[in-house]
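Trainee: Sequences are here, hints too, so could you generate the full structure?
All residue numbers for the sequence shown refer to our numbering, where the first residue is 6 and numbers rise by one.
One or more hints might be untrue.
[Unchecked claim] DEER-style ranges, computed between Cβ atoms: (1) M68 to S107: 18 to 24 Å; (2) A448 to E336: 51 to 57 Å; (3) A201 to N290: 19 to 25 Å; (4) F333 to K294: 35 to 41 Å; (5) D112 to C36: 16 to 22 Å; (6) L72 to E280: 57 to 63 Å; (7) R313 to R223: 55 to 61 Å; (8) A291 to R137: 54 to 60 Å; (9) V121 to M60: 19 to 25 Å; (10) N290 to I327: 32 to 38 Å; (11) R137 to A201: 43 to 49 Å; (12) A45 to D179: 37 to 43 Å; (13) N290 to I142: 44 to 50 Å.
[Unchecked claim] DSS-like, lysine-lysine: derived pairs with alpha carbons at most 30 Å apart: (14) K392 to K343; (15) K510 to K430; (16) K294 to K343; (17) K462 to K510; (18) K462 to K450; (19) K450 to K471; (20) K450 to K510; (21) K467 to K450; (22) K450 to K294; (23) K392 to K510; (24) K338 to K294; (25) K430 to K462; (26) K430 to K343; (27) K392 to K450; (28) K430 to K450; (29) K392 to K338; (30) K294 to K467; (31) K392 to K294; (32) K430 to K392; (33) K510 to K471; (34) K467 to K430.
Note that these hints are calculated values from the structure, not bench results.
Idealized CB from N, CA, C, for every residue including glycine.
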Amino acid sequence: MRNNVQHKQPESEQNQQLPAMVLNRGRRSECLQGYLWGIAAPVICTLVDWPLRHMLGTASILMTYLLGIFLVASRYGRGASMTASLLSIPIFAFFFGPPTFSFAISDIENIVGLAVMIVVANVTSNLLEKARLQAEIARQRENRTNALYRLSQALSDAQNSQAVARIAVQHIHDDFAAAAVLLFPDANNQLHYPCAEPLRQSLRGVNLAAAQRAFEQRTIERHSDPNTPIYFPLEYSQTRLGVLAIRFVTLSALSNPELTTFFDTFRNLIAQTLERLRLTEQANNASLKAETESLRNELLSAISHDLRTPLTRIIGASTALIENNSGFSEEEKLDFNKVILEEAQRTSELTNKILDMARLSTGEIILHQEWNTIEEIVGSALHRLEKNLGTRPVRTLLPDNLPLLWIDAVLIEQVLTNLIENAIKYTPAGSPIDISAELLPTALKITVSDYGLGIAKGMEEKIFDKFYRLESETQQNGVGVGLTLCRTIIETHGGTIHAANCSEKGASFIIHLPLHEPPQINWPEGMGTS
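Mentor: Okay, structure coming up:
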């Protein structure tokens with residue numbers, strides 16, 4: 006039933022045939038114009054030579070006709086020039102060859118001149134025809150080279166197979182005046198249309214069964230019906246990538262060997278791009294898998310000791326209280342409870358840092374920014390770490406003219422807390438810690454310095470990596486996410502943080518927070534300054 010239905014030629018295909026029809030009509034018009042000039046050239050030469058017949062010799066007159074033939078050949082080719090040369094013989098014989106006004110030629114010199122003119126005209130026409138043909142071939146090759154270059158440039162920017170499909174359809178329409186579509190296999194190797202919105206030039210209504218045969222058998226599927234698409238399997242390095250379905254205007258569209266080679270190069274470029282994207286995706290997946298596994302191992306390695314130690318102490322203290330509760334004094338019971346509380350708090354803090362790092366790394370951080378003073382935030386951080394600081398001196402240098410900062414006070418306090426904790430952890434007991442601030446033209450510079458051994462050369466940036474610590478995990482507690490949290494928080498505020506070694510000191514952590522226009526304070530009436 007399907008074969009008996011007469012399909013109406015699509016409007017898009019009719020539009021594609023129009024350029025070819027116009028081109029053929031233009032060629033016929035140019036050919037007719039060439040033969041008319043082939044007839045007109047001898048007539049024009051005769052009109053030019055007739056008034057000068059007494060001053061010019063027959064050789065000069067023959068050269069005039071030869072010039073006319075040459076000009077016709079250079080513009081319209083061999084057929085028109087041969088018409089001009091054959092018509093020049095009787096005209097020359099009638100008007101200029103003695104006896105005049107007769108087609109008979111009695112002078113042998115004129116006969117030889119006419120013969121030479123015919124030979125020269127024929128040779129010249131052949132040479133010009135070959136030159137024109139070579140120029141046309143060179144132009145076509147240049148156009149094809151430019152087309153391949155444009156295609157390769159467009160494909161080099163493609164980020165996925167859907168973009169490749171759109172580029173292929175557009176360029177095939179532009180360079181072959183054909184409608185096309187790129188069919189991709191799914192996980193079960195069943196072909197389907199691209200997911201993206203089709204272009205106006207895209208081919209629809211293809212026979213997916215025929216395309217599937219071409220895909221599975223890796224052979225070109227074609228039919229004698231010009232309305233039936235041709236299915237070209239795309240493969241590279243023995244990997245099947247899809248099928249390119251094309252409907253040409255005529256079945257002879259690829260009859261030219263050079264055009265066939267040109268189209269094969271087109272297909273190869275498309276197949277290479279699809280293979281490149283496939284390999285890139287595989288490499289990215291492998292890299293992501295390896296990175297995920299490495300991150301998992303680093304996380305497990307980092308937290309294994311720091312979680313195991315407090316949990317062991319909690320379990321030990323709890324077990325002692327349960328098994329021998331009556332044997333301990335009230336003071337000893339209080340000490341055990343303090344150990345349990347301290348280790349539980351330590352475990353909670355460690356867990357919160359890891360969760361904060363995971364949340365911040367996924368970009369889920371939401372800033373609750375308000376106008377705050379850096380003095381209050383520094384004081385809050387020091388109060389929070391009062392027990393850890395003990396008798397360690399902390400020297401603050403905060404000028405009185407510091408402006409308000411548009412920041413999330415809780416997060417900035419967490420940054421200062423982490424930096425002070427690092428100073429406590431990696432410096433000798435009793436050594437001072439300096440906290441200073443300096444107003445710059447566009448930012449507020451905050452520096453936290455210690456008097457320890459400093460940072461090893463070349464490690465100034467490395468210490469901000471996830472789970473990286475300068476000391477081994479048996480020497481210091483922590484999983485190495487504190488500085489990473491600091492950088493993430495500061496960069497979310499639009500600032501920067503970096504580490505450096507200072508002369509006569511240890512390590513310094515320098516923060517730059519951007520300044521914003523402070524709010525206008527409307528003083529209540531009667532509270533102005535005197």
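Trainee: Hint by hint, note whether the structure agrees.
Mentor: Hint check results:
{"no.": "1", "hint": "M68 to S107: 18 to 24 Å", "in the structure": "23 Å, holds"}
{"no.": "2", "hint": "A448 to E336: 51 to 57 Å", "in the structure": "53 Å, holds"}
{"no.": "3", "hint": "A201 to N290: 19 to 25 Å", "in the structure": "22 Å, holds"}
{"no.": "4", "hint": "F333 to K294: 35 to 41 Å", "in the structure": "52 Å, violated"}
{"no.": "5", "hint": "D112 to C36: 16 to 22 Å", "in the structure": "36 Å, violated"}
{"no.": "6", "hint": "L72 to E280: 57 to 63 Å", "in the structure": "60 Å, holds"}
{"no.": "7", "hint": "R313 to R223: 55 to 61 Å", "in the structure": "58 Å, holds"}
{"no.": "8", "hint": "A291 to R137: 54 to 60 Å", "in the structure": "57 Å, holds"}
{"no.": "9", "hint": "V121 to M60: 19 to 25 Å", "in the structure": "22 Å, holds"}
{"no.": "10", "hint": "N290 to I327: 32 to 38 Å", "in the structure": "51 Å, violated"}
{"no.": "11", "hint": "R137 to A201: 43 to 49 Å", "in the structure": "44 Å, holds"}
{"no.": "12", "hint": "A45 to D179: 37 to 43 Å", "in the structure": "40 Å, holds"}
{"no.": "13", "hint": "N290 to I142: 44 to 50 Å", "in the structure": "47 Å, holds"}
{"no.": "14", "hint": "K392 to K343", "in the structure": "14 Å, holds"}
{"no.": "15", "hint": "K510 to K430", "in the structure": "16 Å, holds"}
{"no.": "16", "hint": "K294 to K343", "in the structure": "43 Å, violated"}
{"no.": "17", "hint": "K462 to K510", "in the structure": "15 Å, holds"}
{"no.": "18", "hint": "K462 to K450", "in the structure": "23 Å, holds"}
{"no.": "19", "hint": "K450 to K471", "in the structure": "25 Å, holds"}
{"no.": "20", "hint": "K450 to K510", "in the structure": "18 Å, holds"}
{"no.": "21", "hint": "K467 to K450", "in the structure": "22 Å, holds"}
{"no.": "22", "hint": "K450 to K294", "in the structure": "40 Å, violated"}
{"no.": "23", "hint": "K392 to K510", "in the structure": "24 Å, holds"}
{"no.": "24", "hint": "K338 to K294", "in the structure": "49 Å, violated"}
{"no.": "25", "hint": "K430 to K462", "in the structure": "20 Å, holds"}
{"no.": "26", "hint": "K430 to K343", "in the structure": "21 Å, holds"}
{"no.": "27", "hint": "K392 to K450", "in the structure": "27 Å, holds"}
{"no.": "28", "hint": "K430 to K450", "in the structure": "24 Å, holds"}
{"no.": "29", "hint": "K392 to K338", "in the structure": "22 Å, holds"}
{"no.": "30", "hint": "K294 to K467", "in the structure": "23 Å, holds"}
{"no.": "31", "hint": "K392 to K294", "in the structure": "43 Å, violated"}
{"no.": "32", "hint": "K430 to K392", "in the structure": "13 Å, holds"}
{"no.": "33", "hint": "K510 to K471", "in the structure": "26 Å, holds"}
{"no.": "34", "hint": "K467 to K430", "in the structure": "18 Å, holds"}
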